[in-house]
Amino acid sequence: MARRCFTSPVQLELFLARAGLRPLEPEWIEVAGRQVPLRFVPNPNARRYILRLDRDGVARVTIPSRGSLKQAREFAAKNADWIGRQFLNRATATRNDKAWGHGTGIFFRGGRVRLSVDGGRITFADQAVTLGDTLTSVRRAVESHLLELAGRELFDRTAALAKLHGFVIRKVWIRNQRSRWGSSSTRGTIALNWRLVQMPESVRDYIILHELAHQRVMNHSDRFWQEVERLCPAWREAEAWLKKHERVIRHALPAE
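Numbering (my numbering), first residue to last: 2 to 257.
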């Protein structure tokens, strides 16, 4: 459930005034010759500026409690190249979505495998997927299958690693996160990206252990990385794998 940012119209007006914002005032930013609309969203609970590209093509900038409209504009301008890359990634993903079919390569458990499509049946590695009437897209069918697989496997693996290292976890969520492999809350909740099933087991475990480490240190300080080192001595190798393959994994592009 989404959290409300404001408790009353008066609080909203006061915050807008302090941030120098005028409601419903349209603004634009030029990105690679494209005029992209900007939407500024004050959030007194935010601690930093956050930039997102919404599904409708609007660049949304979250303004923290002590932020200003001037700094929000500068933040958007500084990250104009990022906005451009997001448009490119979406266009590429759309093209590849249509291209998925017999012979398409994807990552699964850290290796490249090929899809075999025969009528209403898709197979790859040791997996089999049925193309139902409502799942006419091969990509959607495969990703839905991987999501279900992640739901079964990642919960059990997280529970096992937590028990091994003495952590108490209340909940494990499997999500379709766009910008994170995982997250951890102070309430003992861990969220993991379903795409972990596409990674090698060592990398999958590193991400889980990374989030478990946050149960003891809720930042990325030296003390946090010392905890990661204790839990997962090979974390640097896992980070190197992620850096090399994150584009094809994160954006679900067919492997080369």
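Fair warning: there could be bad hints in the mix.
Derived pair list, reagent style EDC-like, types lysine to aspartate or glutamate, alpha-carbon separation capped at 16 Å [as the list claims (entries may be wrong)]:
{"id": "1", "residue 1": "Lys172", "residue 2": "Glu154"}
{"id": "2", "residue 1": "Lys79", "residue 2": "Glu31"}
{"id": "3", "residue 1": "Lys164", "residue 2": "Glu149"}
{"id": "4", "residue 1": "Lys71", "residue 2": "Asp119"}
Cβ-Cβ distance ranges computed for the label pairs, FRET-style [unchecked claim]:
{"id": "5", "residue 1": "Thr187", "residue 2": "His103", "range": "17 to 25 Å"}
{"id": "6", "residue 1": "Glu154", "residue 2": "Lys71", "range": "46 to 54 Å"}
{"id": "7", "residue 1": "Trp83", "residue 2": "His221", "range": "31 to 39 Å"}
{"id": "8", "residue 1": "Glu149", "residue 2": "Glu247", "range": "28 to 36 Å"}
{"id": "9", "residue 1": "Leu165", "residue 2": "Thr187", "range": "39 to 47 Å"}
{"id": "10", "residue 1": "Glu31", "residue 2": "Asn177", "range": "29 to 37 Å"}
{"id": "11", "residue 1": "His103", "residue 2": "Trp226", "range": "17 to 25 Å"}
{"id": "12", "residue 1": "Trp83", "residue 2": "Ser145", "range": "35 to 43 Å"}
{"id": "13", "residue 1": "Ser222", "residue 2": "Ser138", "range": "39 to 47 Å"}
{"id": "14", "residue 1": "Glu28", "residue 2": "Arg179", "range": "17 to 25 Å"}
{"id": "15", "residue 1": "Trp83", "residue 2": "Thr124", "range": "13 to 21 Å"}
{"id": "16", "residue 1": "Glu149", "residue 2": "Ser117", "range": "17 to 25 Å"}
{"id": "17", "residue 1": "Pro234", "residue 2": "Glu28", "range": "42 to 50 Å"}
{"id": "18", "residue 1": "Leu165", "residue 2": "His103", "range": "35 to 43 Å"}
If you're looking for bench data, these hints aren't it; they were derived computationally from the structure.
Source: prediction; values computed, not measured.
Built from N, CA and C at the ideal position, the CB exists for glycine as well.
The hints, checked one at a time:
no. : hint                           : in the structure
1   : Lys172 with Glu154             : holds, 14 Å
2   : Lys79 with Glu31               : holds, 12 Å
3   : Lys164 with Glu149             : violated, 24 Å
4   : Lys71 with Asp119              : violated, 56 Å
5   : Thr187 with His103: 17 to 25 Å : violated, 47 Å
6   : Glu154 with Lys71: 46 to 54 Å  : holds, 47 Å
7   : Trp83 with His221: 31 to 39 Å  : violated, 20 Å
8   : Glu149 with Glu247: 28 to 36 Å : violated, 23 Å
9   : Leu165 with Thr187: 39 to 47 Å : violated, 22 Å
10  : Glu31 with Asn177: 29 to 37 Å  : holds, 31 Å
11  : His103 with Trp226: 17 to 25 Å : violated, 44 Å
12  : Trp83 with Ser145: 35 to 43 Å  : violated, 29 Å
13  : Ser222 with Ser138: 39 to 47 Å : holds, 44 Å
14  : Glu28 with Arg179: 17 to 25 Å  : holds, 24 Å
15  : Trp83 with Thr124: 13 to 21 Å  : violated, 38 Å
16  : Glu149 with Ser117: 17 to 25 Å : holds, 19 Å
17  : Pro234 with Glu28: 42 to 50 Å  : holds, 49 Å
18  : Leu165 with His103: 35 to 43 Å : holds, 41 Å
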